[in-house]
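Spelled out, the chains give:
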Amino acid sequence: MRTLNKPVFLAAGAYTLSLGTGRPEFNPRTPRPGLDHYIREAGAATLAQIGDPGAIDESVIGNFMAARFNRQGHLGSLMTIVHPSLEYKPALRVEGACASGGLALASAVKSVLSGMADAVLVMGVEVQNTVKAIYCADYLAGAGWYDGERKEGHTYFFPGKFSDRAGAYGAKVGPEKARQAFAHWYRNAVENARLNPDAQEHFNRVDDLVAQGLTPPNPKSFTDHLNLYDCSKVSDGAASIIVASEEGWRRLGLARQDVVELAGMGQMAANLTTPPPDLTEMTTCRRAAEQALAMAGTGIGDMGVVEVHDCFTISGVLLTEALGMAAPGAGADAVLEGLTRRDGRWPTNTGGGLVGYGHPTGATGVRMAVDLWRQLTGRAAGYQVDLKKDHGILVSMGGNDKTVVSLVVKR
Amino acid sequence: MQNVAVVGAAGKMGSGISLLLALELAYRSLEDPKATFVLSLIDMNDSGLQGLLRYVRDQARKDGERQVNRLRALYRDRADLVENAEMVEAFVAEVMLHLRTGRTLALAKDALLVFEAAFEKEEIKFQIYDELAALCPPGTWFLTNTSSIPLHVLTHRCGIQGRMIGFHFYNPPAVQKLVELIPPEDCDPALEAGAEELALVLRKKTVPARDIAGFIGNGHFMRDGLRCIREMERLAPEHGFARAVHMVEKVSRDWLLRPMGMFQLIDYVGIDVFQLILRVMEKYLQEGLHSPLVDTLLEQGVRGGQTSSGAQKDGFLRYEKGRPVGILDPATRDYVPVDAAFAADVEARLGPLPDPSLSWKALSRDPGRERKLRAHFAALKGLDSQGAAMARRHAADSRDIALDLVRQGVAARAEDVNAVLTLGFFHLYGPVNDFLD
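Heads up: the protein sequence lines correspond to chains A and B, in order.
Using the numbering used here, you'd call the opening residue of the first sequence number 1 and step up by one each time.
Using the numbering used here, you'd call the opening residue of the second sequence number 1 and step up by one each time.
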């Protein structure tokens with residue numbers, strides 16, 4: 001087991017609102033802000049929390065598909081718009097599908113561990129509302145194996161992939177229980193989002209969320225086993241946070257109570273060209289989380305707050321099993337019993353998660369880190385939970401459980 | 001369906017019918033690639049035909065986007081089509097492939113099915129069918145979209161007895177789920193059965209109507225419209241013309257919970273079209289279906305209807321972004337703005353709505369609307385206000401018109417009138433009901 005050769009910390013997190021359907025600011029027919037707007041906004045919000053932007057040594061930006069959504073490459077260079085002091089310093093863009101933000105964090109951690117940097121500005125960004133959902137689905141399908149899977153894939157490629165998982169899970173635990181669990185996951189997500197003013201579902205006023213979540217899937221217009229409420233929406237947004245050594249955060253003018261310490265990290269990829277070994281298990285996520293927990297010398301029982309990649313309600317349910325919050329096949333029960341509610345044993349996705357906050361793909365991993373950092377430093381304002389433990393864990397996933405970054409942090 | 005023509009294709013109804021058929025032929029062609037499908041789109045107006053092609057192309061793209069699940073199955077064997085965007089564009093190309101446009105009826109020469117949606121004027125239709133009768137093979141079936149002209153008049157005049165049926169779409173044809181099916185007495189039973197089948201293919205519900213001028217849809221709408229104009233004229237001396245229009249408009253929309261007020265609906269149809277239909281119906285029915293006000297407005301050049309882009313033109317009301325913002329004053333030929341003060345003044349005259357939170361839009365999505373409608377009308381019964389009295393009278397008159405249609409045999413049953421009004425006019429309830437009994 002490798003260990004961290006020196007302490008690494010996360011500090012000064014911020015994210016933009018998640019723009020897309022559901023937000024009053026969103027109108028598909030009017031022009032909307034581009035990538036640069038989100039990068040500037042999230043970057044400025046982070047820099048506003050530190051004393052000296054000049055003390056940042058490097059920057060890294062996670063993004064998935066700007067080349068298609070926005071016809072923009074070369075995002076490392078775009079990072080310099082955040083502050084003039086970033087110019088003529090290292091900057092890079094990393095990509096790992098929906099785990100791009102998680103990879104940006106991992107990359108920054110490695111820079112700090114290597115001694116090449118003491119403070120790294122980490123950004124995640126995605127602007128996806130440039131095309132209709134039907135075309136967005138094609139762009140996002142790039143997170144699958146294009147040559148081997150796209151032609152035979154579903155119209156909505158990833159909803160199709162996770163619909164297959166939902167169907168398999170329904171066969172395993174009973175379709176009714178599975179559907180109930182998805183509906184309850186949806187309710188928790190929206191209830192948390194209502195407390196987070198930046199969340200896409202913040203203004204959702206539906207009375208009976210479970211009833212809505214129970215809407216039967218319509219295979220003719222969508223997929224066999226998922227309805228629209230099971231899916232995270234198409235979102236635009238950015239998130240940023242600083243990864244620093246102890247010397248780094250001191251130089252930025254921060255105090256110990258402003259930062260959380262990285263306790264463990266698991267980062268890995270699985271073969272993109274092979275199907276998942278078991279549709280009802282998030283194998284790569286499980287292994288990455290196990291690695292992070294082992295490196296931290298902790299178990300899931302030590303976690304006071306959890307951030308999981310619920311791109312679909314089924315992934316949320318399966319991740320409770322992957323993280324060990326429930327035994328295999330018992331994730332549905334765990335959700336139905338309220339273990340993942342904000343007042344449950346493992347408050348999960350407290351700011352809404354992907355279903356509630358939104359899923360600006362490349363930004364999501366960073367957004368998760370920001371929510372963990374906020375919870376552990378008491379900065380989550382309206383969605384702050386009463387932490388019973390000092391650790392938090394995140395799992396950032398790309399594709400159908402193919403690229404994963406898991407971080408364990410402690411206050 | 002392999003050779004179909006639409007006459008009057010670029011008009012409001014014709015373009016919708018053309019779109020429906022173009023989509024249907026494209027899907028058939030994808031399912032049966034060996035067959036050849038032709039859709040001839042005929043209109044006198046060249047720029048209208050170009051606009052039609054643009055409309056069909058844009059709508060085909062939207063339809064393709066809605067139906068990508070189906071397209072992915074149909075294009076399963078096309079290795080070159082991988083992404084949704086590629087399939088949608090291939091589908092748009094497929095739709096356009098079958099279309100040919102022109103200004104001459106000769107294009108319909110080989111058509112076995114001719115849809116006609118020409119301007120609602122007898123002389124024009126006579127001319128068209130005279131020519132088609134001479135051009136088309138004896139097996140050709142004619143489906144007319146006339147909304148008012150008795151079909152037996154057309155078939156006898158043009159020598160196409162047995163070969164024509166009324167196939168009356170509602171506007172917009174691609175959206176509305178209703179087709180009024182009007183077989184004249186001498187209609188070939190095979191044509192009648194074929195028309196039923198065709199409606200099924202186009203996902204329309206059919207309601208049978210007897211071949212009497214105006215049929216069910218206009219039979220109700222024109223009389224209801226005239227009734228509202230008369231009501232407005234009765235109120236105008238006391239309240240002024242613009243206020244009277246607004247009062248009737250508001251009662252017919254907000255109090256009766258219809259999607260549009262009557263004057264907006266007349267504008268939508270077109271005041272000129274409204275007059276044409278009145279003339280045709282009056283010619284055959286002679287019951288005083290006439291409005292001097294409508295004649296005056298048309299003399300003043302106030303026509304309503306839509307621009308080629310689909311925007312609503314001013315008529316009784318003035319529109320901005322499709323919403324009514326002013327009311328015509330024929331004396332000054334100007335529009336009185338409907339501002340807050342004007343609206344409040346009219347509301348004060350009408351009195352408060354039984355439940356101001358109810359609206360057609362909200363109720364149309366509400367599965368429990370029957371109960372709310374009943375409560376609304378129950379409250380309406382107990383209110384002692386001008387608005388309530390007007391609404392009760394209007395509902396009763398609308399029911400009388402519907403029951404008259406049944407009495408005259410235009411509709412076989414009251415339910416058929418209700419079906420036409422709910423499916424064709426988007427009303428939330430049929431005029432024949434017991435809400436106010």
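There's no promise every hint is true.
Stated by the list, open to error - Restraint ranges, calculated between C-beta atoms of paired labels, are given here:
#, chain 1, residue 1, chain 2, residue 2, range
1, B, ASP384, A, ASP208, 46 to 52 Å
2, B, ALA344, A, ASP52, 39 to 45 Å
3, A, PHE203, B, PRO356, 55 to 61 Å
4, B, ALA379, A, LYS172, 50 to 56 Å
5, A, PRO275, B, LYS361, 56 to 62 Å
6, B, ALA106, A, THR273, 54 to 60 Å
7, B, ALA375, A, GLU337, 38 to 44 Å
8, A, ASP208, B, ASP295, 41 to 47 Å
9, A, PHE203, B, GLU370, 26 to 32 Å
10, A, GLY301, B, LYS177, 55 to 61 Å
11, B, LYS177, A, LYS172, 50 to 56 Å
12, B, LYS361, A, ASP208, 56 to 62 Å
Unchecked claim - Simulated coverage check for chain A against chain B, where a stretch passes if three residues somewhere in it have a Cβ under 8 Å from a Cβ of chain B:
#, segment
13, 129-137
14, 147-159
It should be emphasised that the hints constitute simulated quantities derived from the structure, not laboratory data.
Quick reminder that beta carbons are idealized off the backbone N, C-alpha and C, glycines included.
Tested hints:
Distance hint check: the CB atoms of B:ASP384 and A:ASP208 are about 39 Å apart, inconsistent with the given range 46 to 52 Å. Restraint check, B:ALA344 to A:ASP52: a C-beta distance of roughly 60 Å breaks the suggested window 39 to 45 Å. At roughly 24 Å, the beta carbons of A:PHE203 and B:PRO356 sit outside the given window of 55 to 61 Å. In this structure the supplied range 50 to 56 Å holds for B:ALA379 paired with A:LYS172, their Cβ-Cβ distance being about 53 Å.
Take A:PRO275 and B:LYS361: their Cβ atoms lie about 46 Å apart, and the range 56 to 62 Å is violated. Between B:ALA106 and A:THR273 the beta carbons are some 59 Å apart, a value that agrees with the proposed interval 54 to 60 Å. The hint said 38 to 44 Å for the Cβ distance between B:ALA375 and A:GLU337, and at roughly 41 Å that hint holds. Checked against the hint of 41 to 47 Å, the C-beta distance between A:ASP208 and B:ASP295 comes to roughly 55 Å, which is inconsistent with it.
The hinted range of 26 to 32 Å is satisfied by A:PHE203 and B:GLU370, whose Cβ atoms lie roughly 30 Å apart. About 58 Å separates the C-beta atoms of A:GLY301 and B:LYS177, a value consistent with the hinted range of 55 to 61 Å. Between B:LYS177 and A:LYS172 the beta carbons are some 41 Å apart, a value that contradicts the proposed interval 50 to 56 Å. Separated by about 21 Å at the C-beta atoms, B:LYS361 and A:ASP208 break the suggested range of 56 to 62 Å.
With 4 residues having a beta carbon nearer than 8 Å to a beta carbon of chain B, the segment 129-137 of chain A meets the requirement of three or more and the stated coverage holds. With 4 residues having a Cβ less than 8 Å from any Cβ of chain B, the segment 147-159 of chain A passes the three-residue criterion, so the hint holds.
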